[in-house]
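*Asks:* For reference, the chains in residue letters:
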Amino acid sequence: METFLQFLNDYTLRNVLLGTAWIGVVGGSLGTFAFLRRQSLLGDVISHATLPGVVLAFLAWQRREIGVLMVGAAGTGLLATALIQVVDTRTNIKRDGAMGVALAVFFGVGVLLLSMIQNLPTASQAGLDKFIFGQAAALVQSDVTVLLVVGGVVLVVLLLLWRELKIVTFDPDFARAAGFRVTILEGGIVTLIVVTTVMGLQTVGVILMSAMLIAPAAAARQWTDRLSIMVLVAAVVGGASGAAGAAVSAFGPQIPTGPVVVLVLTALVLVSLFLGRKRGLVWHWRRQRRSRKLADPDTVLGALGALESAHAGTVRGHPEAVVRMAVGQSAQVGQALAALREAGLADEHDGDWSLTERGRSEAVRLTRDQRD
Amino acid sequence: MSSLEFEILVTAMTVSAACAVPGAYLVLRQMSMVADAISHTVLLGIVLAFLVVPLYGHPLMVFGASMMGVVTVLGIDLLKRTGLVREDAAIGITFPALFSLGVLLISLLARDAHLDEHMVFQGDLVYSVFQRLELAGHGYGPMTLWKMAGIFLLNGVLALRFHRELKVATFDPVLAATLGISPSLVHFGLVLMTSVTAVGAFDSVGSILVIGFMVVPPVTARLLTDSLARYLGLSVLLGCVSSLGGFWIARTVNGSVGGSISLVMGAMFVAVLLASPRRGLIADWRRRRRQRVEFAVRMLVIHLFQHRALGQRTEENHAGHLEAHLGWSAEFSRRITELAEARGLIRRVDAHWLGLTSVGERQAEQALAG
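First to last, the protein sequences are chains L and S. Following my numbering, the numbering of the first sequence begins with 1 at its first residue and continues without gaps. Following my numbering, the numbering of the second sequence begins with 373 at its first residue and continues without gaps.
It is possible that some hints are incorrect.
[As the list claims (entries may be wrong)] Partial selection, computed: residues in chain S whose CB lies under 7 Å from chain L:
1. S472
2. L476
3. L477
4. L481
5. G584
6. S632
7. L646
8. P649
[As the list claims (entries may be wrong)] Not close to chain S: a few residues of chain L, all C-beta gaps over 12 Å, as computed:
9. D44
10. D96
11. D173
12. F174
13. A218
14. V262
15. R360
[As the list claims (entries may be wrong)] Here chain S is said to cover these stretches of chain L; the calculated rule only asks that three of the stretch's residues, wherever they fall, bring their Cβ under 8 Å from a Cβ of chain S:
16. 191-202
17. 266-275
Since the hints were derived computationally from the structure, they do not count as laboratory data. The beta carbon of each residue, even a glycine, is placed where N, CA and C say it ideally should be.
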């Protein structure tokens, strides 16, 4: 406990925790819109596409402050989304193909540039490749300040445009009819997603930042049907996972932050999928079991009668499982069988059920009645 | 070119060709992002297989690692089937999780093994050819080349052998089912082929660049042809040509070969996107412009036709009023009027007033009737 408190007092760790948690908060909030707009994979493309921008910005300014690199990253990220948009709307290529091309080409160019600057004598280039998987420990005070400001701006824009973004997300056709500038608003959402993605590059890395957008939203979606609550829950989930990931990776320099954050997030998504309010799989299964019909005694009686006439000469009777299959629809026949025994219509010997004399005539009467 | 460089080049071309085969079908089946997911998660498969069979490139290891691709697709399907998340989110949740496990395992367990972060994201074609295939004391060239040639051959034979199944299952799943072809068997067969290829290309181009090798040439080819056979051939060809160009660039700038090839693939895509005769943006733009002009000429003829009853000297027929009535710019009005006149559809009554010729009248009647 004491070491843990010391740990929290540590200056570097506080920066790292704050920075990563904040990225989770902003990522969760913005990701909610990406998730609802079925643009979950856009974050994946954007984050891969930022790599060349990061390297180009470094080459242009010879500095690796987060603010500088973010400008380059946002540049190529936006370029990639524009390419996807053009290819998607103007050609016969489907959206997934356009995304695959944008992701791969931009990332490939980034790898090429990275390999080229590794041959440069500039000493400070070391560490750029940390952008692939992220290294939260590299965050310093000034980086955190930049993150807080940029994230703050993103959230303020989100709040200011809340009503517009909500309408565009849920009913773009209505929004267009109502006179909203849908194209501009959609571009705005994509720009916000790009900026958010770029925020996480240094700590979470280009490959895994997309999960920071999708997973909190996917978890939050399972707990509520209201947009405002979903954004809040996603922000909390993202923030908590970010903090947890940063804390764990602080234990060893060889533990990259991104993967830890993603694994925490994945665990939270799974828990939400199972336990989520109303929608969760556990409740779903329970409802399904409960709604499974309890077979009514007459049906079971008829089924037993049919079984016996089909296997004429069998004295042994039939086990409950066979009766259930004869009734069909995976119904529960146990209670009905007990009721039949109570009424003296059926009897059980060593787990095998058969009709009594009275039960047999009753079954015959039932079948006749049904036929009439 | 030294013999080593030649080997690198041939290896790069083989990798491209091997990747283009499953890639072509992935693009047609709109599975590009599934391929992206697979290319990330085979990393976990490789790490796990490496822990069991620490012999990189061993066929058993390649196959074992490839099963992770199948696991990924199963995971995506499972998530999708809960009905709680849509396909895009299902992909976006599944692959980062499996990929993270892989990265974490590498950083915790396999520090000393020759699996490091660099290999993960870029691989290294130059390094990969240093591993030689040696049998009974004889060297037979780079192992990667043999491996990828084998995978290319396997992919090619499978694609040819199951050409009909792939085609029908891709374009008409319902017909496939009635013909007794199982669409899901084809689906998972393709997934497995993709995974094996991604695992095979892992040490030469890395687990992420491989998606470019799979997706970009087919997407480019798709812009150039509608024939399936030509599309498949072109995908392989474009992949090989990109490798040639990429290799040359990498040698010139002394950079990553895989990255350079991606760059050339991207440049080729952009060039085709702009200049493809039928599908390109330039052709599209010209078509739109031509359509706008054709439409405007027709509008003008109909406009004059509608107002012919009013006599020929009303303001409707005044050349200067087209701007106000049809919302055209002065320049555009002039161009359209000249064009219509050149085609003999309209005539100038005098300097300012326009009228229809008999040809123009007939055309307007046809347009209004049809």
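*Asks:* Flag every earlier hint the structure violates by its number, smallest first.
*Replies:* Violated: hints 3, 4, 7, 8, 9, 10, 13, 14, 16.
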